[in-house]
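Protein chains in written order, with the working numbering: chain A, 1 to 495; chain B, 1 to 495.
Calculated directly from the structure, the hints in this document are not laboratory data. Predicted model, so just to flag it, every value in this text is computed and none were measured. Among these hints, one or two may not hold up.
The list cannot tell twin chains apart, which means a pair is met if one copy fits it or any two copies do.
[Stated by the list, open to error] Below, a list of computed lysine to any residue pairs in the SDA-like style, where the Cα atoms sit at most 25 Å apart: (1) 209 with 229; (2) 37 with 231; (3) 37 with 276; (4) 37 with 210; (5) 37 with 218.
Here's the letter readout for the chains.
Protein chains: 2
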Amino acid sequence: MSTPAYTELFQRHQRLHRLGHLQSIAQWDQSANMPPKGNEARSLALAEMGGLLHQLATEPQLKSLLEQAAAENLEADQRANLREMGRAWRASNALPQSLVEAKSLANSRCEHAWRAQRQANDWAGYVENLREVVRLTREEATLLADGTGLSRYDALLDLYEPGMRSAEVDRVFGDLRSWLPALIRQVREKQAQETVIRPVGPFTQAAQKALGLDAMRLMGFDFEAGRLDESSHPFCGGVPEDVRMTTRYREDDFLPSLMGTIHETGHGRYEQNLPREWLGQPLGQARSMGLHESQSLSFEMQLGSHPAFARLLSPLVSRHLGEQPAFEPGNLNRLLTRVNPGFIRVDADEVTYPAHVILRYEIERPLVEGEIEVEDIPALWDAKMMELLGLDTRGNYKDGCMQDVHWGCGLIGYFPCYTLGAMYAAQWFATMRRAMPDLDARIAAGDLAPVFDWLRENIWLQGSRYETPELVRRASGETLNPAHFKAHLQSRYLG
Amino acid sequence: MSTPAYTELFQRHQRLHRLGHLQSIAQWDQSANMPPKGNEARSLALAEMGGLLHQLATEPQLKSLLEQAAAENLEADQRANLREMGRAWRASNALPQSLVEAKSLANSRCEHAWRAQRQANDWAGYVENLREVVRLTREEATLLADGTGLSRYDALLDLYEPGMRSAEVDRVFGDLRSWLPALIRQVREKQAQETVIRPVGPFTQAAQKALGLDAMRLMGFDFEAGRLDESSHPFCGGVPEDVRMTTRYREDDFLPSLMGTIHETGHGRYEQNLPREWLGQPLGQARSMGLHESQSLSFEMQLGSHPAFARLLSPLVSRHLGEQPAFEPGNLNRLLTRVNPGFIRVDADEVTYPAHVILRYEIERPLVEGEIEVEDIPALWDAKMMELLGLDTRGNYKDGCMQDVHWGCGLIGYFPCYTLGAMYAAQWFATMRRAMPDLDARIAAGDLAPVFDWLRENIWLQGSRYETPELVRRASGETLNPAHFKAHLQSRYLG
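Okay, chain A solo, but in the shape it has when bound (with noise of 0.2 Å):
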């Protein structure tokens, strides 16, 4: 069968990917390695990169490719990459391109600089990088809107989780806030009984790398196809055929940068296990953000603070960083599971992180709404702290609204896939149970093979197959379901 647009489409996309890998290589590297005076040009660099990639898939020919090749005789997956290479396009030709490299730079700059102005607690200079930020976020929004008929956030959302809205995050993330708080101070009350020992440190640098190196082995990593470094925001980058995964580590407690390292290693074998054949098409991606929290969360969460998981875990702390009662397997998973209110989400437990999103969500959104502006920042912040966790943030940036990496980097939208994502990986480990009663049982034996097997096949090896619904319902019998989630905390929290 003769398909002539189809296959120049699939050509393009594949020297997109091409391209777009040096790029991705990059942006690690600026991460993992690169020396402060190497930033000017690094970003100057990327920025033309992005500019080319825009240009590339803003070329005038593609519009008419795209339908041409929508009237030639196409096999299913062929059709459904036609579908993703549309979404693309129309994502894409949203924005001129001088408005790509304008964010690139601003970008670039801002997460820079915020790597000291962080430490130094300087939200007066952050600031002044992230005004810029968002100020070309909202033109980005406002042209993604014009285009789509969605609000502007709606616009920035549907880039990282498509077909997804704020009226149905704002329903579950609703639902979450009536039960959540008092959830909280159900399995307070209840730990507070319990006897926890922490464990004694320092642990050196290097002792905690080959930890965390033996529990990417454990979570079956393959280390031929990507590796593990440090940079001061813990990320997974690359390709997937080259997928770089990192962490950072403290001297004063190991738990962090391990489990960190466990959540990335989940975003690592997504990309890992990627449909091969469809590898350079955008068949071949990863579904969305939410899907790729789903895995991570699957592997720090639903695995990682089994108790069953703990039994696997202990001997390899105690390995790596000596003997020490901290390390028993039931202290390791009380550890594991402590609830307890704190500044930073990433160290945050799986009860206490949703208020963190939920908080994040609530002030991006009107961030970019326009409705409020980057100074209101600290102070909803500090308000929200102190209505979900109770904790006093004033004048703790570094610890506060300067914690995370998104918005200074221009990545607005993205924070409710976490907690879409921990909702998603609660309803496959159900699926799971319903499907393998032993699944437990399984786990406890060592035996992590059933659950790789049910997200490969169900979720990596699927790539953007499906659009989100059709993928979960394939995937689960359902689409999104919150229920699991909440089911999930109360049996593992106070069951």
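Following the hints, position chain B against chain A.
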């Protein structure tokens, strides 16, 4: 003064520089970080970028822009920049894009496979890839020669050492060949009387790395604009704003890594000190590969093997590797000036090194000219190693013709630059001593600033402002004069 054509060319070169930045970092990463399964995708990505850069460098408008700019009213530096733009344009436009892409792909594949093949002494496997690299390099040489009237080999040599011809290399190397074997014999007889204490290993990689970093500090490397990592073949890559040096470690001997690091630091400082206001333009680039090697050899040989320099190095060695009789300055200098014919070029002493280069030159020239084939290399290698250094390399491909990365990644016509560089370096130090009769006393007192200041002023900050003979004349009062190298070796080794 309005210079529209020059301004347009200027901007196009900025763009090439920015995209080339991503290419350089990805190439460094390929050698220093990349896991094996990433190689296929990386090779495709680099080939795509190579093709794109070639496309941008051969856009049809460039020819008339260059012609128009030649008629514009330019300042002296702008005119020099335009001259270098024209040189780059002629080199790029001699080659079709398909050849550039095929070369990039073949080189990446050959270089990647070489890493394991060298370890396994697998000549039969290597030659399969090398044949294709040589085939494409001959094709390149033929096209370059057609455009310039040069021989095929001269056309390649001109890429690395503009203006240099094999007739002059023959003359200079012919002279060298006439006195080098006798000099080696005399030095070895003299050194047979000396007592040299060998260092006692093992030396951990961590201690060697710390020592190497301290040596880089001693040599003035700017760690805010570069870093040191590891790769199987040491090199200096990255970009002038962010120099990426690599080394490799042997636990039984620390000197190869230490002196290799000092060598690469010479390359690194040249790059870090190119004229900032011209970065991104041809004028802002290092003058030639021979000039580049003259910097690395000024650091490694002229300074590194200087009797007074051992007094600066000795305390660093003891600090990181512990106290040993071998680390005493006099003994350290005897170790660093020990003349001993060996298999490995990069580990060779200053006196036998030119023999390694002559050997390679005498093989690569007929190879490119089609007078021999890749299958002929091992026998020629064996014969010349016996003739020039009295060593038997039969069957030992690993330490013989497979030791260098150059040919495998298409770098043919480069080797003469090493010995031209050694000659230039001797000429720089002869010039410095004429201007500063107390130079050796200042080095002995730990004051290296006069050397670095002279190199910065006369070489680094000049970039590509002058053609090589003019640069050399301005720096030293005469063009290339190999008598300085002979005098240097006689004075240091027989004086």
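Hint-by-hint comparison with the structure:
1. 209 with 229: Both, since 9 Å and 18 Å are each at most 25 Å.
2. 37 with 231: Both, since 17 Å and 23 Å are each at most 25 Å.
3. 37 with 276: between (38 Å within a copy, 12 Å between copies)
4. 37 with 210: between (31 Å within a copy, 22 Å between copies)
5. 37 with 218: between (38 Å within a copy, 20 Å between copies)
The earlier numbered hints are all upheld by this structure, with none contradicted.
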